[in-house]
Amino acid sequence: MSFQDIEAGRPFGSRRGLANGKQDPTQAVAAGIFQINTAVSTFQRLVNTLGTPKDTPELREKLHKTRLHIGQLVKDTSAKLKQASDIDHHAEVNASKKIADAKLAKDFQAVLKEFQKAQRLSAERETAYTPFVPQAVLPSSYTAGELGVGSDKSPEERALLVESRRQEVLFLDNEIAFNEAIIEEREQGIQEIQQQIGEVNEIFKDLAVLVHEQGTMIDDIGSNIENSHAATAQAKSQLLKASKTQRSNSSLFAYCKQYLFSILKVGLVEGKKYGREEGLVE
1 MSFQDIEAGR PFGSRRGLAN GKQDPTQAVA AGIFQINTAV STFQRLVNTL GTPKDTPELR
61 EKLHKTRLHI GQLVKDTSAK LKQASDIDHH AEVNASKKIA DAKLAKDFQA VLKEFQKAQR
121 LSAERETAYT PFVPQAVLPS SYTAGELGVG SDKSPEERAL LVESRRQEVL FLDNEIAFNE
181 AIIEEREQGI QEIQQQIGEV NEIFKDLAVL VHEQGTMIDD IGSNIENSHA ATAQAKSQLL
241 KASKTQRSNS SLFAYCKQYL FSILKVGLVE GKKYGREEGL VE
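Numbering (the UniProt record's numbering), first residue to last: 1 to 282.
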């Protein structure tokens, strides 16, 4: 079974789906790959939003949580796949399970490649773009005196100047706070991304080794099947040859029997003839 089987709505096998109340490693791997595939699709959509007007601090936070969620799924699925692979090395495990696990390993490898590409693109865009922060309303506690507006102005002029200064102060306050937060978040976010990229790369390397080992094991299974087919074909050939030989020997025996019978029959006829001629037989 692969994660495409789950996506298509095919049910898990009831016989080996649960063992002592625990999910079978092969089933757990298939479910994990399906979850990773779904989460990576969401992650890719979020990454494509970076650098657009929808790129907000809330989106960055969602991107961060999705990245961590995928990372945990990858670790859990990798552990389950290793467990399934260890089971496959036992002699009593049938070939169909080994082939199914090998296919799952390749499916896992493919979805990890997609996540790695999305990770790199996310790191590039998060470094290049800053999130859009909607302008907030300046607190009403700012007074005309705090904003540097004199009392020699008319009420209308003072109101306009207060609003203008309030916007300037708001912009400066927001810019300072935003820049400080962005610098801190960027440094922390980039370190986090790089760390996770390194972890996924290590898992990918281990997975490549596992896929190679499973490929060798599948090749051995294929070789055994081919040898079995060859031995079966050879046995059939030998049986056919023996059958033909037996039929040939049987035909020869029947021919010899008929030939001897014919000779005996001729001898009897000639004997009777000779007896009549000699007067021995009436």
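Just so you know, the hints here were simulated from the structure itself, not pulled from any lab data.
If you're wondering where the values come from, they're calculated on a predicted model, not measured in any experiment.
Beta carbons: idealized from backbone N, C-alpha and C, even for Gly.
Fair warning: there could be bad hints in the mix.
[To be verified] Taking lysine-lysine pairs in the DSS-like style, the calculated list, with each CA pair at most 27 angstroms apart, reads:
#1 Lys-82 / Lys-103
#2 Lys-113 / Lys-82
#3 Lys-205 / Lys-97
#4 Lys-54 / Lys-75
[What the hints assert, rightly or not] The calculated label-pair distances, taken between Cβ atoms and stated as ranges, are:
#5 Phe-171 / Ala-208: 35 to 43 angstroms
#6 Glu-184 / Lys-75: 21 to 29 angstroms
#7 Thr-38 / Gly-198: 19 to 27 angstroms
#8 Gln-23 / Asp-206: 18 to 26 angstroms
#9 Thr-42 / Ser-164: 41 to 49 angstroms
Please work out if Lys-113 and Lys-82 have their alpha carbons no farther apart than 27 angstroms.
Distance ~18 angstroms between Lys-113 and Lys-82 Cα, so the pair holds.
Compare the distance between the alpha carbons of Lys-205 and Lys-97 with 27 angstroms, and conclude whether the hinted pair is satisfied.
holds (23 angstroms)
For Glu-184 and Lys-75, compare the CB-CB distance with the range 21 to 29 angstroms and indicate the outcome.
holds (27 angstroms)
Does the Cβ pair Phe-171, Ala-208 satisfy 35 to 43 angstroms?
Cβ of Phe-171 to Cβ of Ala-208: about 52 angstroms, so the range 35 to 43 angstroms is violated.
Within 27 angstroms, alpha carbon to alpha carbon, are Lys-54 and Lys-75?
Not satisfied, since the Cα-Cα distance of roughly 31 angstroms exceeds 27 angstroms.
Given the hint of 41 to 49 angstroms, is the C-beta distance from Thr-42 to Ser-164 inside that range or not?
holds (43 angstroms)
Verdict for Thr-38, Gly-198 (Cβ pair) under range 19 to 27 angstroms:
Distance hint for Thr-38, Gly-198 holds at roughly 24 angstroms.
Confirm or reject the claim that Gln-23 and Asp-206 have a C-beta distance inside 18 to 26 angstroms.
Between Gln-23 and Asp-206, where Cβ atoms are some 22 angstroms apart, the hint holds.
Is the Cα-Cα distance between Lys-82 and Lys-103 27 angstroms or less?
Given pair Lys-82, Lys-103 holds - Cα atoms ~14 angstroms apart, limit 27 angstroms.
Hint compliance for this structure: hints 4, 5 are broken, all remaining hints hold.
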